[in-house]
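Input sequences plus hints: build the corresponding full structure.
Single-letter residue listing:
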Amino acid sequence: MVALLETPVIANPLREGMTLERTADPAVVVIFGITGDLAHRKLLPALYNLYVGHRLPGGFSVVGFARRPYTDESLREEVKKSLEKYARNKPSQRPAIWESFAQGIFYVQSNFDDPTGYRALAGKLKEIDEQRGTAGNRVYYLSTPPDFYSHIVANLGRAGLANPRRTYPAVGEAFSKGAAAASTDTSWRRIIIEKPFGHDLSSAVELNRQLSEAFTEEQIYRIDHYLGKETVQNILVFRFANGIWEPIWSRRYIDHVQITVAESLGVEDRASYYDTAGALRDMLQNHMMQLLALVAMEPPAAFDAQAVRDEKSKVLRAIKPFTPVEVQQNVVRGQYGPGAIFGKAVPGYRQEEGVPPNSNTETFVATRLFVDNWRWSGVPFYLRHGKRLPKRRTEIAIQFKPAPLALFQHTAADELQPNVLVLHIQPDEGISIDFQSKVPGPSIRLRSVDMTFQYGTSFGIEAAEAYERLILDCILGDSTLFTRRDEVEMMWRLATAILDTWKQLPPPVFPNYPAGSWGPTASDDLIERDGRSWRRL
Amino acid sequence: MDATESRLITKNPSAEGPSLDTGTPVPVSIDYVDSQLTELWRDVAEAAQAKGGIAAVTMAQVLNLLVRADSQTAANNYTLVIDAITGSHPARVITMLTDPNEDNLPVQAWVSIHCQVPPAGGRQVCCEQIWVASGANTVRQVPAAVIPLILAELPVFLWWPKGSPLDDYLFRQLGESLDRLIVDSATFENAEGDLAKMASRLRNDWPKIACTDVNWERLTMWREMVAQFFDGAGTRPYLDRIRSVDIEFSCPTISAATGRTPVNRAQALLLAGWLASRLGWQPVEPVYEMLRADGNSPSAARLSLLCGGDPVTILIRPGNRAGAVPGDLLSVKLEVAGQDPNGPAEASFEVCMSGGGEGEHEHEPEYQYEHASINVEIAGTQPTRRSVHMEEPTVDMLLDKELEVFSHDKIYEEALEVAGIFIRGTGKREGEGPRKLSTGEPVSAGAARSPSPRPNKPQNPNPGQ
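In the order they appear, the protein sequences are chains A and B.
Residue numbering for the first sequence follows the working numbering, starting at 1 and increasing by one per position.
Residue numbering for the second sequence follows the working numbering, starting at 1 and increasing by one per position.
Just so you know, these hints were derived from the structure itself, not from any lab.
These numbers come from a predicted model, not from an experiment.
Virtual Cβ for every residue (Gly too), placed ideally from N, Cα, C.
Keep in mind that the hints are not guaranteed to be accurate.
Facing chain A, according to a computed beta carbon distance under 7 Å, are these residues of chain B, among others [stated by the list, open to error]:
(1) 224
(2) 231
(3) 233
(4) 278
(5) 384
(6) 387
The structure is reproduced here in structure tokens:
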């Protein structure tokens with residue numbers, strides 16, 4: 001969807017039939033925290049890959065804004081090194097292309113809360129507009145620790161960088177939203193916010209409030225990189241471009257849904273962040289709830305930002321936050337102790353570098369949720385996520401109800417397996433369905449077999465990185481794959497109910513699962529008391 | 001060679017990831033091809049199981065790919081191309097090979113299976129490869145051998161890598177079995193005549209066949225670059241005010257035998273056809289004029305059109321640099337006239353292959369450009385210039401793209417139709433009345449020919465059966 005402030009461009013007839021309906025307007029991407037890990041591992045490679053792939057227009061520029069003492073030239077050198085290391089396309093492969101890209105990289109050194117830095121940024125942007133024809137179009141990418149978000153947003157507003165058609169009060173004055181000036185300016189400003197978007201409901205609401213002081217909702221792009229994955233987008237195509245699934249996609253035929261995000265890695269070098277966040281905030285509150293929303297949503301009226309996000313939002317609203325008693329019944333948390341992964345001994349969470357030895361941060365969470373609407377009433381959604389599980393696997397398994405009549409009665413009961421449709425998100429991206437088949441031979445014996453679609457074998461195309469897709473969408477003004485304000489707040493409402501209850505309870509007995517196992521036994525109990533079991537992955 | 005002698009080998013493990021191959025193709029009579037392939041599948045599965053477990057090979061075919069080869073060497077080259085894209089397109093490949101040195105060679109077949117890990121990783125996927133060979137006098141029996149080998153309910157592609165197929169017996173006999181035809185107009189002997197013929201004959205005689213041209217695929221990057229100029233709100237209005245287009249194409253060296261330079265304007269004409277069809281430019285007569293050239297140099301051509309009431313001129317001119325294939329584009333420049341039509345342009349948009357200085361790579365047929373420079377000049381603003389990656393795609397990359405598309409490409413068909421109008425010098429279809437010839441060089445041998453009759457039904461070469 002095109003943001004409200006923006007003037008739609010008349011269609012370009014030469015674009016008809018091309019893969020990309022249009023390329024982006026010339027723009028500057030301002031990366032706050034460009035010296036950080038995310039920028040060098042993901043954002044800059046994504047931008048460079050887009051540039052090499054002709055997805056970015058001439059004049060496209062990058063401005064880094066951070067505290068380290070770089071110059072334009074030294075930043076270019078740093079970026080070049082990172083691209084050589086992390087990007088699919090390397091500068092050394094095509095030096096002329098790199099030179100062309102590098103000419104558009106600039107640096108502004110400043111603290112994030114220093115207004116003079118933003119004045120310098122405004123000057124630099126004006127200069128780039130004049131030299132490179134970027135016409136006032138900007139993407140501000142917040143790739144800093146979350147503590148700085150509010151400073152950056154407020155300073156962008158005060159420096160007049162957030163919204164060209166608003167006037168901004170001086171520090172301490174009240175903000176007037178009605179001061180939009182009539183203008184023929186068609187330039188646009190957008191802001192991308194990385195996770196974590198708040199650390200609970202009240203902080204997320206406050207961050208939304210601060211953002212809305214400077215930006216309109218149409219300008220705000222809350223990134224969830226899971227939504228940039230091909231397999232996640234394919235959930236919508238699979239459900240709504242095929243006529244055979246929707247009729248059986250309900251409580252009438254589906255027994256339950258399991259969503260698993262299993263990681264074999266530990267906290268690696270993210271201990272300081274992770275220990276303040278935990279598995280619930282890091283994964284379940286955002287990525288897994290988004291997966292659940294995509295699986296459970298009603299068909300949208302159109303494939304656009306408004307309609308798709310309306311339907312996701314309705315699903316999230318239909319999940320009632322747990323009461324404290326329900327938290328104890330429906331949520332399991334865990335923390336890994338020492339164990340082994342892939343045959344190699346690994347330390348427990350509390351022994352990881354940077355983790356306090358008495359940390360009670362959860363590295364595993366499992367829950368049972370219900371979506372209380374006509375389609376899903378009574379169908380449990382089981383979600384589990386953990387670190388240091390035996391293997392890396394993300395999947396959504398939809399288990400159907402058994403056949404209504406046991407026709408093959410002399411068949412051993414344990415041979416009868418339910419039909420399971422599995423959407424494999426990563427690795428081995430694809431879709432498989434299990435069904436019963438007769439084992440060849442004179443007697444009737446059944447066995448579950450599977451029919452598999454694999455992206456790799458069917459298309460043989462290397463999918464673009466999630467960040468490439470999402471950054472390009474933002475530059476093009478399409479927010480379909482970004483999270484809207486109401487979605488974020490509803491996801492936090494559910495997570496905060498759990499976090500608040502955990503705070504009231506006595507400290508958990510951690511660690512409660514060894515690294516390399518499938519989580520605490522309480523997680524198995526959670527599902528087994530319903531007569532079901534976790535899929536063996 | 002007996003089937004039992006076939007053995008599994010691993011080819012180029014480092015270059016293209018581990019791949020399985022059933023080795024030297026096994027000779028087999030046509031009616032035993034399927035059972036022989038079943039045997040080979042078993043060999044492949046056993047080898048894969050030994051290497052990586054039972055799930056290591058995917059036995060799925062998504063299309064039939066028929067290939068026309070006019071010599072053993074050509075057939076070998078095409079097999080290498082297809083091997084390279086097996087991972088992306090598991091297919092049954094049937095190569096129809098005519099050996100010009102063996103007039104009475106009886107029709108015979110060889111089979112093998114080639115497997116490869118796809119570029120995106122995962123399991124090995126496999127191509128069934130069947131070669132059907134014939135001699136010059138037995139080629140008429142080939143359709144009856146090939147048609148029963150086509151896998152049912154899967155799309156049938158015919159890749160005709162060299163020349164135009166329209167007058168070929170094999171194509172006419174196979175036409176009704178085909179869904180897609182892939183040609184390469186860079187290899188047409190008489191590019192203009194053959195293009196004009198394709199524009200009218202395919203639509204009239206084989207409307208169900210979705211035809212495409214790898215030379216059109218070579219234009220994809222050019223079209224994207226040109227379209228990109230007009231994506232922004234600031235430059236979009238210029239698209240409606242373009243008054244001249246300059247297209248420069250490459251010419252190989254002067255042929256020692258004929259003393260003339262072979263000219264292939266196919267890419268340039270398709271690009272011109274694309275611009276005119278998308279922008280609604282109407283041809284006005286004389287549509288297609290040849291401009292006089294000195295000595296043996298090839299001529300430039302001028303197309304005359306109208307955009308609304310305003311004239312638009314497209315100049316198609318040979319450049320002094322070589323391309324990877326005959327007629328490869330070297331530069332495209334679009335100009336918007338200023339207030340004074342004879343004065344300087346108000347804006348110009350140019351894509352120009354670079355990678356060496358002007359003339360530096362003259363007459364280097366193998367030279368491949370790496371990037372293009374994109375130049376925009378708009379009155380009153382600073383000119384902008386940047387480099388973009390624009391490598392000449394290889395044949396396997398082009399074929400890979402073409403095999404992804406299963407339906408008619410409306411944009412290509414409309415561009416081809418307008419290119420046909422340019423070449424014939426009239427918007428009327430062949431056979432609809434007297435041709436309004438353009439001036440200058442004879443238009444084409446193909447365009448002068450009367451329309452061919454509708455294709456015959458496939459004939460049974462063995463009527464007694």
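Evaluated hints:
1. Interface restraint check for residue 224 of chain B: the shortest CB-CB distance to chain A comes to about 6 Å, inside 7 Å, so the restraint holds.
2. The interface hint given for residue 231 of chain B holds, since its Cβ lies 5 Å from the closest Cβ of chain A, which is under the 7 Å cut-off.
3. Satisfaction of the interface hint for residue 233 of chain B is found here, the shortest Cβ-Cβ separation to chain A being roughly 5 Å, below the 7 Å cut-off.
4. A least Cβ separation of about 5 Å between residue 278 of chain B and chain A falls short of the 7 Å threshold, and the interface hint therefore holds.
5. Hint on residue 384 of chain B holds. Least Cβ distance to chain A is approximately 5 Å, under the 7 Å limit.
6. Nearest Cβ of chain A to the Cβ of residue 387 of chain B: about 4 Å, under the 7 Å cut. The hint holds.
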